[in-house]
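With these hints in hand, go ahead and build the complete structure from the sequences.
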Amino acid sequence: MSAPPLICPTCLSRYAPGTLACADASHARRTPLVALDHAEDPRIGRLLDEPGASGAPAHGRYLVLGLLGEGAMGIVYRAWQRGTGREVALKVLHLDPRLVAESPSEYDELRARFQREVALSARLDSPLIARVFDSGELADGGLFFAMEKVNGLSLDKVLLAEARLPVGRVVRLGILLAEALGAVHEQGLVHRDVKPGNVIVSGAGPSERLRLVDFGI
Numbered sequence: 011m012s013a014p015p016l017i018c019p020t021c022l023s024r025y026a027p028g029t030l031a032c033a034d035a036s037h038a039r040r041t042p043l044v045a046l047d048h049a050e051d052p053r054i055g056r057l058l059d060e061p062g063a064s065g066a067p068a069h070g071r072y073l074v075l076g077l078l079g080e081g082a083m084g085i086v087y088r089a090w091q092r093g094t095g096r097e098v099a100l101k102v103l104h105l106d107p108r109l110v111a112e113s114p115s116e117y118d119e120l121r122a123r124f125q126r127e128v129a130l131s132a133r134l135d136s137p138l139i140a141r142v143f144d145s146g147e148l149a150d151g152g153l154f155f156a157m158e159k160v161n162g163l164s165l166d167k168v169l170l171a172e173a174r175l176p177v178g179r180v181v182r183l184g185i186l187l188a189e190a191l192g193a194v195h196e197q198g199l200v201h202r203d204v205k206p207g208n209v210i211v212s213g214a215g216p217s218e219r220l221r222l223v224d225f226g227i
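Using the numbering used here, read the sequence shown as starting at 11 and increasing by one per residue.
Don't take each hint at face value.
Restraint ranges, calculated between C-beta atoms of paired labels, are given here [stated by the list, open to error]:
#1 Gly93 <-> Asp34: 13 to 21 Å
#2 Gly55 <-> Arg123: 25 to 33 Å
#3 Asp106 <-> Gln197: 26 to 34 Å
#4 Asp34 <-> Val200: 42 to 50 Å
#5 Gly184 <-> Asn161: 20 to 28 Å
#6 Val181 <-> Asp150: 45 to 53 Å
Hints are computed from structural coordinates only; laboratory data are not their basis.
Keep in mind the model is a prediction, meaning the values are calculated, not measured.
Don't be surprised by glycine CBs; every beta carbon is placed ideally from N, CA and C.
Written out as structure tokens, the structure reads:
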């Protein structure tokens with residue numbers, strides 16, 4: 011597969027692989043060029059608009075760079091947070107548009123619950139849990155939240171590759187996962203989607219680390 015194209019997070023100009031910086035010197039000083047995935051998704055390479063106070067699209071704080079995964083609850087993208095200049099994992103929740111139009115009170119309740127749980131999740135401070143940075147609402151009423159992008163392999167991929175893990179490793183990872191869930195429960199939260207795909211491992215041997223990601227908010 012050919013190298014991915016590049017994009018300037020400031021002006022959204024696209025460049026060929028290997029380009030060192032945006033042609034606009036002020037943009038080049040502010041942000042590096044970042045790579046776009048080849049995946050077929052209309053959001054890739056575009057800003058994820060967020061409605062302002064008046065309801066009109068305003069901020070566009072997140073530039074969608076690629077697709078990380080999709081599940082029953084939503085799609086997870088690799089994105090660039092323009093205000094901070096960092097990559098994040100951005101989850102856009104699946105939402106039936108009819109709910110917004112036909113049941114505004116039910117949608118308002120859903121949105122309030124979502125905002126409350128994101129705020130609680132953002133309070134979690136543990137090296138075993140991916141941090142939640144931010145949340146917002148799309149112009150069509152969809153909801154999203156941004157969380158720390160964790161490097162490593164999900165445990166389901168590890169299991170597919172290695173089939174069976176040594177007992178000592180299973181115990182070590184199990185203890186780390188229990189500690190992560192303990193930190194969650196201390197804040198009065200429930201993860202709701204604990205599965206190998208939401209457990210990221212990195213490193214090897216005694217230095218192997220575990221991070222719990224993607225709360226089922």
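Evaluated hints:
At about 19 Å, the beta-carbon gap between Gly93 and Asp34 stays in the expected band of 13 to 21 Å. The hinted range of 25 to 33 Å is satisfied by Gly55 and Arg123, whose Cβ atoms lie roughly 32 Å apart. Between Asp106 and Gln197, the C-beta spacing of about 30 Å keeps the proposed range 26 to 34 Å intact. A hinted range of 42 to 50 Å for the beta carbons of Asp34 and Val200 is consistent with their spacing of about 47 Å.
Distance hint check: the CB atoms of Gly184 and Asn161 are about 22 Å apart, consistent with the given range 20 to 28 Å. At about 46 Å, the beta-carbon gap between Val181 and Asp150 stays in the expected band of 45 to 53 Å.
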